[in-house]
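Starting from the structure of chain A, add chain B where the hints point.
2 protein chains.
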Amino acid sequence: MRFLIKFSYDGTNFVGFQRQPNKRTIQGELEQALTKINNNKKTNIVATGRTDKKVHALIQYAHTDIDVSINENKLRRAMNTFLPDDIHVISTTIVDKDFNARYMVKEKTYKYLINLGEYNPLERFYVYQYNHSLDIERIKECAKVFVGEHDFRAFVTENKEKENCVRTITNVSVNLKNHILEITFTGNGFLKYQVRNMVGILIRAGEGKLNSSDIKKILDSKDRTKSGKTAPAEGLYLVDIKY
Amino acid sequence: MRFLIKFSYDGTNFVGFQRQPNKRTIQGELEQALTKINNNKKTNIVATGRTDKKVHALIQYAHTDIDVSINENKLRRAMNTFLPDDIHVISTTIVDKDFNARYMVKEKTYKYLINLGEYNPLERFYVYQYNHSLDIERIKECAKVFVGEHDFRAFVTENKEKENCVRTITNVSVNLKNHILEITFTGNGFLKYQVRNMVGILIRAGEGKLNSSDIKKILDSKDRTKSGKTAPAEGLYLVDIKY
Chain A
6 MRFLIKFSYD
16 GTNFVGFQRQ
26 PNKRTIQGEL
36 EQALTKINNN
46 KKTNIVATGR
56 TDKKVHALIQ
66 YAHTDIDVSI
76 NENKLRRAMN
86 TFLPDDIHVI
96 STTIVDKDFN
106 ARYMVKEKTY
116 KYLINLGEYN
126 PLERFYVYQY
136 NHSLDIERIK
146 ECAKVFVGEH
156 DFRAFVTENK
166 EKENCVRTIT
176 NVSVNLKNHI
186 LEITFTGNGF
196 LKYQVRNMVG
206 ILIRAGEGKL
216 NSSDIKKILD
226 SKDRTKSGKT
236 APAEGLYLVD
246 IKY
Chain B
6 MRFLIKFSYD
16 GTNFVGFQRQ
26 PNKRTIQGEL
36 EQALTKINNN
46 KKTNIVATGR
56 TDKKVHALIQ
66 YAHTDIDVSI
76 NENKLRRAMN
86 TFLPDDIHVI
96 STTIVDKDFN
106 ARYMVKEKTY
116 KYLINLGEYN
126 PLERFYVYQY
136 NHSLDIERIK
146 ECAKVFVGEH
156 DFRAFVTENK
166 EKENCVRTIT
176 NVSVNLKNHI
186 LEITFTGNGF
196 LKYQVRNMVG
206 ILIRAGEGKL
216 NSSDIKKILD
226 SKDRTKSGKT
236 APAEGLYLVD
246 IKY
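Just so you know, the protein sequences line up as chains A and B, in that order. For what it's worth, the working numbering labels the leading residue of the first sequence as 6, then goes sequentially. For what it's worth, the working numbering labels the leading residue of the second sequence as 6, then goes sequentially.
With the rest of the complex left out, here is chain A (with noise of 0.2 Å):
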């Protein structure tokens, strides 16, 4: 039977996503409570996608195969007993054995947080904390650059040359609320360091260094060595997901 697991959790102490030997992983984390459950059997996830170390998920997705009979409630629960704290499972729902998790994806939200006011001890693992002040407006006006489908060359770390870089961005919002500054994408998909180095960029346009008809040239010339600093990575959260 093939279940879609609907998870969350705080990316603070994993070494990242993805499942390597002797390493603390969320992907690691899932596969072996569900390879328990799945009567000790070897058991995998295909997820939308990978996150980096440190960066947290309100809601992630991914899609398992498991041969015990179980139903969703009860998987759900299993999995939250088997799972450490900082991994929660929301839902478990039962779908078409050709259901993708990671191809049928349409599309993902990601928020990133930046804190402008006094430093919160609590907040540490959670927010980038930025200690000068921001050009809110001129933010908001250079997000817009990034909407509608580019060519994000730029803005991908560690791309290998021959990578498709064309994705589509639908929306960019930002607000300010109690000092702290929210950026939100949403797109068909992402690119390695792609949301964290259009955060980056934007704190610059905030800075008074950089206007809108820059980051516009920067994003045209495809050369990732013109968008600076990548944003830290506690800042970022995974937080949408559609099918």
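Worth double-checking, as some hints may not be accurate.
Below are the SDA-like pairs computed for lysine to any residue, each with C-alpha atoms no more than 20 Å apart in a straight line [said to hold, decoys possible]:
| hint | chain 1 | residue 1 | chain 2 | residue 2 |
| --- | --- | --- | --- | --- |
| 1 | B | K58 | B | T30 |
| 2 | A | K11 | B | P126 |
| 3 | B | K79 | A | Q23 |
What the hints contain is simulated information worked out from the structure, not anything from laboratory work.
Structure of chain B alone, referenced to chain A:
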């Protein structure tokens, strides 16, 4: 020069507030930082009070005496340089030599957070996860019992028999917002585990097991064995102090 230090901390990774040899405590970390700043002269602090293991503070105060010449802003910055990421100095203020951060406190406010919604792994150290429903109106009704001057002996853990347990609670508020129940207590002082024991009994009331006259009887009994379970530390925050 006497300074009043305003600071915050994430209690998760400390064994408690009070200095203990070879253990990681909030007082220990603050005194270590201050000793470095004060030319390696052993420097102590006097805080408004202790918080228990894993309890957080959004606002906490302590006073200290510094011999070296330093201004308020430089002291704040130097402390934040030497302190670990889970303690943060918000400000420092020069005060009179007879100012006492412990004995001059007029009012303290604690809040307690209970998540009645889906478990969120990102908040596992910052909220008490409660997976059953609670009768919020009954909790509101019962919380009123604590307001006023009372002998809180029945809600104190580890009290010495002769200790004065009379305290005045000026306000208790109960608010549910996005599945988070927030219970706030303001008073002239709180005894060991008092807030967590009051929250514990309010949860039992919310489960329908007690009403306000039962709680009044427990308070009047002055008998700790009657007041039940202590709510877990991770939901508790020291949030305000008035001098």
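Right, here's what the structure says about each hint:
no., hint, in the structure
1, K58/B <-> T30/B, "9 Å, holds"
2, K11/A <-> P126/B, "14 Å, holds"
3, K79/B <-> Q23/A, "44 Å, violated"
In this structure, only the earlier hint numbered 3 is contradicted, and the remaining ones agree with it.
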